[in-house]
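Protein chains in written order, with this note's numbering: chain A, 2 to 256; chain B, 22 to 87.
Bear in mind the hints are in silico, worked out from the structure with no lab data behind them.
Hints may contain errors.
To be verified - To spell it out: a stretch of chain A is covered by chain B in this simulated footprint if at least three of its residues, at any positions, have a beta carbon under 8 Å from a beta carbon of chain B; those stretches are:
1. 68-78
2. 109-120
3. 141-154
4. 224-232
Stated by the list, open to error - Taking beta-carbon pairs under 10 Å as the criterion, some of the chain B residues facing chain A (in silico):
5. 36
6. 40
7. 56
8. 82
Said to hold, decoys possible - Far from chain B, some chain A residues (derived; all Cβ distances over 12 Å):
9. 3
10. 65
11. 92
12. 103
13. 104
14. 132
15. 200
16. 217
17. 236
18. 242
19. 252
Where a beta carbon is used, it is the ideal one built from N, C-alpha and C, also for glycine.
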Amino acid sequence: MEDTLIIAGHKINSRFLLGTGKFSSNEIMKESIKNSETHILTVALRRIDMDSKDENIMDYIPDNRIVMTNTSGARNSDEAIRIARLARQLGCGDWIKIEVISDNKYLLPDNAETIKATEILAKEGFIVMPYFNPDLADAARLRDAGAASIMPLGAPIGTNKGLCAKEMIRILIEEIELPVIVDAGIGRPSQAAEAMELGADAVLVNTAVAGADNPPLMAKAFSLAVKAGRCSYLSGPGAVKETAQASSPLTGFLR
Amino acid sequence: MFIKINGKSLKISEETTLGAFLADNNINSRKVVIELNRDIIRETSLDKVIIKENDTIEILSLVGGG
Numbered sequence: 002m003e004d005t006l007i008i009a010g011h012k013i014n015s016r017f018l019l020g021t022g023k024f025s026s027n028e029i030m031k032e033s034i035k036n037s038e039t040h041i042l043t044v045a046l047r048r049i050d051m052d053s054k055d056e057n058i059m060d061y062i063p064d065n066r067i068v069m070t071n072t073s074g075a076r077n078s079d080e081a082i083r084i085a086r087l088a089r090q091l092g093c094g095d096w097i098k099i100e101v102i103s104d105n106k107y108l109l110p111d112n113a114e115t116i117k118a119t120e121i122l123a124k125e126g127f128i129v130m131p132y133f134n135p136d137l138a139d140a141a142r143l144r145d146a147g148a149a150s151i152m153p154l155g156a157p158i159g160t161n162k163g164l165c166a167k168e169m170i171r172i173l174i175e176e177i178e179l180p181v182i183v184d185a186g187i188g189r190p191s192q193a194a195e196a197m198e199l200g201a202d203a204v205l206v207n208t209a210v211a212g213a214d215n216p217p218l219m220a221k222a223f224s225l226a227v228k229a230g231r232c233s234y235l236s237g238p239g240a241v242k243e244t245a246q247a248s249s250p251l252t253g254f255l256r
Numbered sequence: 022m023f024i025k026i027n028g029k030s031l032k033i034s035e036e037t038t039l040g041a042f043l044a045d046n047n048i049n050s051r052k053v054v055i056e057l058n059r060d061i062i063r064e065t066s067l068d069k070v071i072i073k074e075n076d077t078i079e080i081l082s083l084v085g086g087g
C-alpha cells in the first residue's frame, strides 16, 4: 500500500529523521546516515574556529538528502530568525527547524517565541518545522502561523527517557492535521516504535544514535523500529483485554 | 585598524575586502556565510565589500546538530 510522508508538498522517503550532532567522527556519522536510510538530516550553524579550520560536515552528507538547519543557540524569536536567514544564505534551502530555548537545565523550548519565529519565517517562504513543548493550544497556534509540521518533544533533549509526554503527543496526533514528528528524548528503538504505533508521522533522533557504542548499528536499529512501528499503526493493533483469550481452539480433542 | 571577528578583536594592517580577507585566511567562501554588522553579505558581493575600522564580522558554517 502507498504510505508516503508528505511535508509541505515534498515526498519524504523515510520517517526517520537523524540529527548529526555529537558523533565521534565524520566517518562514523557518514556510516550512520547510510544505515539510517534517512531523508532529512539536521545540522547547526556556528562560528568557524579561525585557528583550526576543521573539515566541513557537508562533505559527509550525501547530495540527495534534505539538510535542515536548526536554530539551536537561539534564546528568542529574533535570534532564531537571524539563524534561519543565515542558513538560507549558506545554501541550505528553505527547511528550518525552529528551536528556541531559554532554559539551560532542561533545555525546554519556549513555545511563545517559537510561534513568533514560525509566523515570520513561514511568511518568508521557509518550510518551518518547530520543535516545541507538546501543548494543544500552542500546536494550533503553530499550525495557524504556517508550520509545515509540528515537532513535540518526547522528553528533554539528550535524556534518552522516551515518550514521557506520550498522552499529550497522542492528543496532538488526534487533533492537529499537520505531520507530527516526535523530536528529542527518544533513547531506544523500542521508544521510536512506540511513537510510530501511537500514530506519529515520523521521529527525529540524534543522541540515541550518536551516543551508542556502535552508532551505525543503532542507526539501522532505529530505521527498522520506525518502519515496524509504522506498519503496526497501519495494521490496526487488536484491543487490550483484561482476561485471557485463547489463541488455540479450546475444543476438538480432550474436551 | 581593529575589527571584531567571531567575537574576538583582530588587528589588520591594511584595508581589504571581505573576499580577500577570507582568501588570506584560507577560508572557502562557499562553505561559510558572512554577517557584517548584522547584515548578511552575499557570496557574490564579498569582493566588493571593504572592511572598515570597528566592523563586526561573523563567519559561520554548518556543524553537527540535532
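Output the numbers, in ascending order, of every earlier hint that fails for this structure. The structure conflicts with hints 2, 3, 4, 5, 6, 11 and 14, although it agrees with all the remaining ones.
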